[in-house]
Every structure is written in structure tokens, then in C-alpha cells.
Amino acid sequence: MPEKLFKVNKEEYMLPGNRACSGCGLSLAYRYILKALRENTILTLPASCLTVLHGLYPITSVGIPCLNCTFASTAASASGIVAGLTAMNRSDITVVAIAGDGGTFDIGIQALSGAAERGTDFIFVCYDNEGYMNTGTQRSSATPAGALTTTTPVLTKQQQKKDMMKIMEGHDIPYLATCSPSFPIDLYDKFVKAKRIKGTRYVQIATPCPPGWVFPPRDTVKIGRLAVETGIVALYEIEDGKFRFTGRSKTLAEKGTRAPVINFVERQGRFKKMSMEQLDQFQRWVDNKWTEYLRRAEA
Amino acid sequence: MSNVQIITGNSAAAYGAKLAKVQVVSAYPITPSTSVTETIANWVERGELKAEYVRVESEHSVMTVCISASTVGARVFTSTSSHGLLYMHEQLHWAAGSRLPIVMCCINRGVGAPWSIFNDQQDSISQRDTGWIQIYCRDNQEILDSVIQAYRIAEEVYCPIMVCYDGFVLSHTMMPVDIPDADQVCQFLPPYKPHTILCPEDPRNINPVIFPWQRRDAEGVLRDGYMDMRWKLQHALEESRDVIVRTSRDYAELFGREHGGLLWSYRTDDAEVLIAGMGSIATEATTAADLLREQGIRAGVVGVRVYRPFPRAEVREAFRKAPAIVVFEKNISYGYEGALCADIKAALYGTGIDAPVHNFIAGLGGRDVKAGELADAVRSSLTAITAGKREQQTWLNCVTE
Chain E
0 MPEKLFKVNK EEYMLPGNRA CSGCGLSLAY RYILKALREN TILTLPASCL
50 TVLHGLYPIT SVGIPCLNCT FASTAASASG IVAGLTAMNR SDITVVAIAG
100 DGGTFDIGIQ ALSGAAERGT DFIFVCYDNE GYMNTGTQRS SATPAGALTT
150 TTPVLTKQQQ KKDMMKIMEG HDIPYLATCS PSFPIDLYDK FVKAKRIKGT
200 RYVQIATPCP PGWVFPPRDT VKIGRLAVET GIVALYEIED GKFRFTGRSK
250 TLAEKGTRAP VINFVERQGR FKKMSMEQLD QFQRWVDNKW TEYLRRAEA
Chain P
0 MSNVQIITGN SAAAYGAKLA KVQVVSAYPI TPSTSVTETI ANWVERGELK
50 AEYVRVESEH SVMTVCISAS TVGARVFTST SSHGLLYMHE QLHWAAGSRL
100 PIVMCCINRG VGAPWSIFND QQDSISQRDT GWIQIYCRDN QEILDSVIQA
150 YRIAEEVYCP IMVCYDGFVL SHTMMPVDIP DADQVCQFLP PYKPHTILCP
200 EDPRNINPVI FPWQRRDAEG VLRDGYMDMR WKLQHALEES RDVIVRTSRD
250 YAELFGREHG GLLWSYRTDD AEVLIAGMGS IATEATTAAD LLREQGIRAG
300 VVGVRVYRPF PRAEVREAFR KAPAIVVFEK NISYGYEGAL CADIKAALYG
350 TGIDAPVHNF IAGLGGRDVK AGELADAVRS SLTAITAGKR EQQTWLNCVT
400 E
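Respectively, the protein sequence lines represent chains E and P.
First residue of the first sequence? That's 0 in numbering that gives the first Met the number 0, and the numbers climb one at a time after it.
First residue of the second sequence? That's 0 in numbering that gives the first Met the number 0, and the numbers climb one at a time after it.
Extracted from the complex, chain P is given alone in its bound form (with noise of 0.2 Å):
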């Protein structure tokens, strides 16, 4: 029986992490993230959830919380934003290094200085070095459903997870959401079982001192050196690529839902251009994509929900017969371009697709962004390709003078 109910993104996240039971949640209050967190403080306080809950001083102390916490055995949450999420920084590199299944919300926000409150993605894109999986989501019912397979997968690859979406277009907006059985939920996400946990039955001297090269232990095995370990990072991010995509359909099965694995795509199949993106700008993008075919343009959108590991392999076969590609994203690499169009024009270098490429930076600092005005950047798009431009940055709505 299905129990749908009008919820807010940053609701639906809190429901994600009550289902996952989650026995551990440390907070730092954000704008926009802070009612995640609240929603959390209430269950735990009326008895509705069995979790500690810390509340700390900031947020570099709550990413130290779940650090702690997961290398004894729990299973932790906790949500931030914006500079919420710069503040933890070195506990994100430390998360990842320690190789915990910690899942945290990042409800996208600008990055100051100056400050802004609303929504972009510069915040989660500038971590993304930091070996953390990050999911984007395009509606509150996926939120809900990615908390949930986020700790199935972070508990299987052993790396931790950011599942983002954006500030007030998500979190403070309301939308039905259907919230699973506890039941069923159980039966997707069994109780977290550690490899290691840090107790006094096994004294471990966890993360010391590691040399550049391999060293033996006590009992002559050759153990890693650093950048073994650095590798076997980046080797749990590719694999966990297989991981995302089989959670995702795993929990189809049970729930009925598929948000994709590790990108999504609409009306691609005969398209003429194709628009990326990440998050809530892909949503606004199938509406686009539905203006411009009624204007007789044949647009389709691929949706990037994984952002790393990045699908390279689905990313090519996505644009494999693309005629034109138009990247929106919310965030700059400053000095160069948007990361997502970077990393998908690196994606297809040397495959023989050669479909030119525009870039859209748009909606920074929460300027809106209507679908209308996606169209219209499209339709432009193609006119400059048609003159021969094949590479492009331009800044949506912007005084670039």
C-alpha cells in the first residue's frame, strides 16, 4: 500500500535516513540544509528514532562525529550546505581516506564571498576531488530513494556518499512523495556490517604515519604504502559504478521506482541536440526539451545523476549519435569552464564523437532559471553551431560586459 504525502526535499531526505535507521546524526545548522537535521532532532527526541544525536559546535566537528562514529560500528548521517560543506573540507578527504560508508545531504547553495543563500552547485563540484560518491537528484521522491541506496552502496564499496540536490528548488519545495514500507526497506538495507571496527577486543592503531612506499607488519606481511591505498580509492569509485546501478535496479524491484543508475536521458532517441545536466536545471531541461520539439527542433535531455565516479562509458554511449550537445550546469571551474562540460568533452575525446559542444553556466547564486529561457539558449546554440562555432561558454542571463 503506497503512502504518498506532500513533503518538502529536505523532508523527504530525513525520511530517507529515519527508514535507513540510522543510529548515529551529528548537526551544524545551514541554510538551506537545516531542516533536514530539525525534522531528525524531533524524531529522536519524541522516541521515533533510536539514533545519538550530536549536536555540534561546527560543522568540521560534525564530519569528525560520523568519522568516529562509523569506524565503531554505526551507521551515521548528517546534511550541510554551502560553506557548511567548504568548513569540513579536510574531514570530506579524511572520510574517504578512512574508507567509511558515511552518507551525508548537500543541499546545493552558493559559496560566498559575497554571501548568497540560494541555490547553485559550486558548493558540492568544488569537493569533488575529495573521493566522496556524489549522486544529484532531480525531484524529492528521489532524494528520499538515493539516501536509502546510498547507504546500501557506501556500505558495500566502503566509500562514503554525498547525495545532493538543490537548495529551496528541492528542499523547500513541495511535491508528493511516496514513503516506503520499514518494513521493505529493511529487506533492501539489512542492519550495517563492518569489515573493522575499532574496539578494544582488537586493538588497531587506525590511520598513523604511512611512508611513500610498502612496509611489512609484525608478521613479515608486506603491507600498503600510501599511494597503494590512494589507489585502491580510486579503484572503489570506478567499481562502485556496477554497485550504483545494480542498487538502483534492486530497488526498483522492491519499490516500483527507477531514477536511473548513473545518468538518465528523455526523448534522446532522434534527437538533433542534446542538453546535459545535473539535479533540478536537467528537470527544467525536459520541459525545454518538450518547447523546442513543439517548435520543431528535435531536443532530448541526458540527465548525469552520478557525478563520480563519472560514467564515462554511459556518457559515450549517450552522445554517440549526438549531432550537437548544449551543457547547463550551475557551477564555474573558474579559469576554465563548467566541470560537468569539461568531463563530458573529456568523456568523448578520441571516441569519434565529434559533436560540438556549448556551455551554458546559468542560475549561479539562485538567478532564475526557466525553462523557456533554456529553450531559447538551445535554439541560439544551434544557429551559432550551424555558423560553424562548435565550442561556446556563454553566461545565462548575465552582465558580461
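Pulled out of the complex, with its shape left as it was, chain E reads as follows (with noise of 0.2 Å):
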């Protein structure tokens, strides 16, 4: 791990002081996609918690171009700046997309399988907070079930989450990857290696997000980890089809020891009215997901 460490980007392109929540992990991870992404780089990204961290006019916390677009149209408005980029004979530009989970699995999700069907060139990347968080923790299809949050607040989330994953595998994209920033090297390698490739690349980061999973954000690292260890999160990529586990998700899955999802949950506040049989399901949901990437990485 140190001296992997040495091999990053030693540039910084967010600058200090922003207006992310403290503890916020989306922060975290995006620090190492610029280093990784670098400065020949175009960003676009929608109205998110990215928006806020950004900054308000006329300051930025971020030395990467950058182009704010509307809610449902992330991958619209990438496939907006290659087009025209290629017109002005620009071919030397990474163009990377940036949305959270909302306008990934739910109002941005049409924009982006059209932009992934055409085999757009370029990078989307969905920071995964499982939730609306931006305006203030409402449920989205990315929400596991058992949640809390502003719209189900009392019942909590009846539905387990989207496998948005499996949606963008469905476009044939030649990768797709998943990272956590509690691990930042195995997120750092990953899009150092989807700035290389040509074509729909798809990144989701599984951002831990204190105020709407209601945790101390000192533990922002931590649930990260937990998130990891239970096997909610698996840490892997499909490269042309190709399944493999990664980091501490290899780890995991050759040595078989993945942690019990409770493990996860009782930190968080918004699982507090999580019923036991919500448990047992999340644990089942976890095993039958684990049981398929076991099967693809053994296939």
C-alpha cells in the first residue's frame, strides 16, 4: 500500500475550503478521480451535492473545467461536449460525467442509457449516497430497503435497491467498475485505467454520507469500510465482460470471511426502524448478490 501510494497524482485539483458537508464521502473520493483524471479532462455534472462542493458563483473549489447541466441530462450533456469537441477536432480530452444516485438510477437514467447504447466516449461516474441527500435525505431507487428518510419516514423503505449496475452491464459497455473511497488506491487505479479506454465507461463509488445515514462524520472511513467488509458493497470490474473482484473485495471472497450486514447497520441512524425481518432480508439480498459474483469471478 505505501508505495502504491507514491505512484499518485501528486497534483491537487480541488482546492481547499468547499461547501461539502464535513465528513462528506463523495469529498473524499473525488479528491483521488481528479488526480486520477488529471487536467486534459472535461467535467459535467448536474444539480447534486457535487454542484455545492463546486462552489457559488463567481468562486470554485475546483481547478477542472467544468459544465453544470440539468438534473435529467448528465449523460446528454457529455455526449454534448464529445460531439463537439470531435467537431473542433479536439481529440485529446477525457470527458467525464458526474451524477449521484438520483440522477443516475432514477431522473438521469434514460439520458444515460442512451449516451451508453451510442458508445459515447467518455466516463459517467454515479457517487452512490443512497438518497436525495442534496436536498435533504429523500428516498431514491438506489435507498436500501429498511432506510429512513424525509419521504419514508415512518414505514421506512419497503424496496430493495436498484441493481444499476447490472442495468449499465446490460449496454455492453467494455467497463464498468465499482469503488469505495474508504479504499482510495483501488478507486485511484480504476479510473486511471477508464481514462485509457475507449468508449462508455461506468464507475459507481459508494459514498457514505453522515447527515443522511445519520452517523458521526468522523466515521465517514469507517462505514466505508463496514460497507466493504459486510459485502453491501463489493469492490469489483468488468472489463469487456470480464468480472473481477478487487482490494479488500478479493481479499473477501478468497478467504470467505465477509462480516454480517448488522455489522453495518447498527451504526447508522437511519436503520434504526429496521424491522428484524428488513435485517434478514438485506442479509439474503447480500448473500444471493455475493453468490453471483462468486460465480462470475470463478467463471
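Warning: the hint list may mix true and false statements.
Calculated lysine to aspartate or glutamate pairs in the EDC-like style (CA-CA distance at most 20 Å, straight line) [to be verified]:
1) E/197 to E/253
2) E/34 to P/201
3) E/34 to P/200
4) E/194 to P/200
5) E/192 to E/239
6) E/194 to E/236
7) E/288 to E/276
FYI, nobody ran anything at the bench for these hints, they're computed from the structure.
Mind assembling these two chains? They're in different frames, but the hints should get you there.
In C-alpha cells, the structure reads:
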């Protein structure tokens, strides 16, 4: 690990001082994403937590060019940038769209599916904090069952999380990956690789959210780790259809030592009304996903 | 040497885009606009037009692609109709707010529910307040010429432009159109040179969150707040009137065709009644005026070519001596009256022009409007005016019981 850290780009593109919440999982991830992407990159992003992080006009906390777009249009915005750059004979720039889970799983899915089907040459990044956190923690299709949100305030969310990776894999794109800010080198390596590949690349990051998930800001890295230790988040990549575990998840898969999901659940206020039945279902949901991952990893 | 071809309005629009050497085209099919972008797709795939063609999955994405491609410096084009335009609504605001010189053809069609594929102008009129310049064409030649002119206007004032023309009535009707020489068009419309583009050499955060008030940047320079930027957009549209008129005149000098800058008139000098309209219904009204004159009624026509910015001063001048005004239009601002009629009356307020103004809502969802019917309508209005009725709203050829 230490020697790998030395390989990380020393340049900082997130400038000191930004408007993200303290302990924001996204801001930890974003620093490494930008280090991996470097200068010759254009970003586009919809209204989201990241808009807030980028700062208020006329001051910005990010040193990479960025085009803000409307909520439903992120991937189409990237398509327009790619088309415009091609028309202007600029083939040296990596186009990156970044949206939250609402902007990816929900309102952004149509434009994303269209861009992926067209094989648009860009990286789509979903930072998944499992809800509409920028507007104050409403339910999204990425929210796990059993979580309290302001729109599931009494009964908790009743449905399991949408499997967006599977949906994106259905587009036969050359590269898909999951990552976590708690494992920054794994995250960094995946973005370095994604930048090299042509075509549509999809990277989903599980970003813990202290105010939305209701845990102390100092625990962000710990919560992110627990998500991986329990197998709720599996770190993997799918390159040209070939599934491969990476980092800590690879070790867990080899040793078969996943922790129970309760270790993750018990540390977050959002799960305080989760029933025993929901907890069992959550464990079974994770177990089933892992059975499938293991089958694919061995194939 | 002239190159006159018999073509549809949609072909004329496509030729306009080709001659403007558009660099990015994005499209989604919708009747009756589809053949504009089909024609362009054909040229692009045959190598006759060098452009990136993005076949997106919705009109919302069409306008998004136009916005983003324009932001990185490309000249962009698209066309749509009806629900396609409505689906873009959010992005129309975003395009104008971004001050991008996007040109789009709106092939006017009624909006649901229930479904109508036929012509009226409810689609573009309901986008009136999005900050786009709106030009309404009356024939296929004007469509081609207006698309070329639109790029020069848009790239000077940094506002997007909607070139509107009536679905089927113009879009699918063949007329002789003089296709200008490509080199001459290049002379009239040089390549787009934006004042700012998004690129890694000059990193910017474009369209972030903005406060209501002004704020200092990192160098201490006071920058606009939200409302200051909105005023600049309003100011740009108000100022664009001169640019539109000048562009129309410059075009006429090079190509010998003038379609009227902001509005045009027909046999108005001695008129006892002036008919107003936009698009093909105004063309139809010129035939109605001829009929009325044969019947001894001195009628003239004022065609509003540019609806936004509204030609306030020109409207006042055009109606200065009008004893009576009859407005025909293919839209309705529900709960009030036709949008054009309301705007004409507002422009005349306080000027001392005290003519009665009658409003006919006509041709919604493609209902036929014949010149003879327009002439009959004008005669009935004049009778009502003589009887003292200063204001009247009539739905032409419509069951209203």
C-alpha cells in the first residue's frame, strides 16, 4: 500500500475549502478521481451535492473545467461535449459526467442509457449516497430497504436497492467498476484504467453520507469500510464482460470471511426502525449478490 | 447564377443548416419536423456535410447536446415540433440562460391532449418566455434565408433563435426556393468565433449555483448576481431588434431578398382595416385583403415576423393610422385571448391609437383556414365595429355552443 501511494498524482485539483458537509464521502472520493483524471478533462454535472461542493459563482473550489447541466441531462450533456470537441478536432480530452444516485438511477437513467447505447466516448461516474441527500435525504431507487428517509419517514423504504450495475452491464460497455472512498488506491487505479479505455465507461462509488445516513462525520471512512467488509458493497470491475474482484473484496472472496450486515446497519441512525425481518432480507439480498459475484469470478 | 429548386419547407430548413456549415446536429423524430433532420443525416452519411450527428433518445437530450456542444465552441442545429418542443422546455430556458447561439427550427404543430399532428402555433407560443428569439416564416424561401440569418444574429447577440414555420402548410408543401451560393453564404456568415469556450486550457465552472446578490471573485472583482444576469438576457433581446433588421438588410444586399426585419406589411397605406398575423396565416391574409379590396373594402396586412423580441415600435408605427385591427392567430392563451392580439393591444396602450381590435382564433389543430373565410370574418368584424363593438374574440369555424 505505501509504495502504491507514492504513484498517486501529487497535483491537487480540489482546492482548499469547499462547501461539502464535514465527513462527506464524495469529497474524499472526488479528490482521488480528479488526481487520476488529471488536467485534460472536462466535467459535466447536474444539480447535486457535487454542485454545492464546486462552490457558488464566481468562486469555485475545483481546478478542472466543468459544465453544470440540468438534473435529467447529465449523460446527454457529456454526449454534447464529446460531439462538440470532435467537431472542433479535439481528441485529447477525457469527458466525464458525474451524478449522484438520483441523477443516475432515477431521473438521469434515460439519457445515460441513450449515451451508453450510442457508445459515447466518456466516463459516467455515479456517486451513490443512497438517496436525495442534497435536498435533505429523500428516498431514491438506490436507497436500501429498511432505511428512514424524509419521504419514508415512518415505515422505512420497503423495496431493495436497484441493481444499476446490472442495468449498465446490459449496454455491453467496455468497462464498469465499483469503488469506495475508504479504499482510495483501488478507486484511483480504476479511474486511471477508465481514462485509458475508449467508449462508455461506468464507475459507481459507494459514498457514505453522515447527515443522510445519520452517523458522526468522523466515522465516514469506517462506515465505508464496513460496507465493503459486510459485502453490501463489493469492489469489482467488469472489463469487456469479464468480472474481477478487486482490493479488499478480492481478499474477502478468497477467504470467505464477510462480516454480517448488522455490523454496518447498527452504526447508522437511518436503520433504527429496520425490522428483524428487513434485516434478514437485507442479509439474504447481500448473500445472493455474492453468490452471483463468486460464480462470475470463478467462470 | 440562381439555383431555384422546387422543395418543401423542411428541405429549405435543411439547406439553410447545410449552408450555415453547422458542426453538430442532434435530433429526435417528431412529425412534422422529422424530414429536416433526416435530410441532414443523409448529407452527413454521404460526406456532403461535415458535422457530428448525435441521434439521441429524447428531445430533452437533443437540446442538451446542442447546449453542451455549443459551450465547447461548435455551431449547432436541430429541429422539432409540438410535444418535442414542450419536452425541451427546461433546456430552452437553460440554453437562453447560458447565452448560447443555438438555432432550432420549430415546425409548428398543435399540442395534446388529445393528439393532433396538424398545424397550429400553440407549441412555440407556449415557449414565448424562455428567452429565445422567435422568427415566424411565411414561405419556404423565407425559411431557408431565416436559418442562415439566424446564425448571424444569434452569434452577435448570444441568444438562441427559434425559426418557426407552419407544419404541413409549409413543411410538406413544395415551392420554388432559390438556394444561395455556398461561397456567398460563407461571406455573409463567417465561422463561429465564440467569446468563451469550455476547455482545459482555461478551466471554468460554467453555470454553477449563483446568489441573488453580486459577489466578488477571487481577484476581488464584483460579479453579477442572478437578477443582473437575467436583466442582461432581457437587454440582449431588446437590443437584438436592430441586429435583426440590419442582418435582414445585409442579406438583401447580397442575395436580393428581404423578408422584412421585424414585421412586413401589405397594401396598408390607405387601409380602413388592418389584418395582423404570423406565419402562413398572414400569407393567407394577403389573399383575403385582395378579395376584400375587390369587394370595395380597403384592407391591408401587417405580418409579424419576429414575435420575440416583440416589435413594439414597429407595431405602433404600422397601426398608427389604422381605423380597425383584426388579428388572426393559431394559438390561444387560455383564459384570456390570442397571444399576438394581447401583445399588439399592449404595444398600442398609451399611444393615442384607439382603434378597435378584434381577435380571431383560427386553424387550431390544423382546421382549414381559407382566404375567403378570413375575408368574411373581417367583414363581420367591420359590421360589429360599426355597431360599436370595440373588442371581440371569435373562434373561426368552430362549434362554440
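Here's how the hints hold up against the structure:
no.	hint	result
1	E/197 to E/253	violated, 31 Å
2	E/34 to P/201	holds, 18 Å
3	E/34 to P/200	holds, 17 Å
4	E/194 to P/200	holds, 19 Å
5	E/192 to E/239	holds, 13 Å
6	E/194 to E/236	holds, 14 Å
7	E/288 to E/276	holds, 18 Å
Comparing the model with each numbered hint stated earlier shows that hint 1 is the single one that does not hold.
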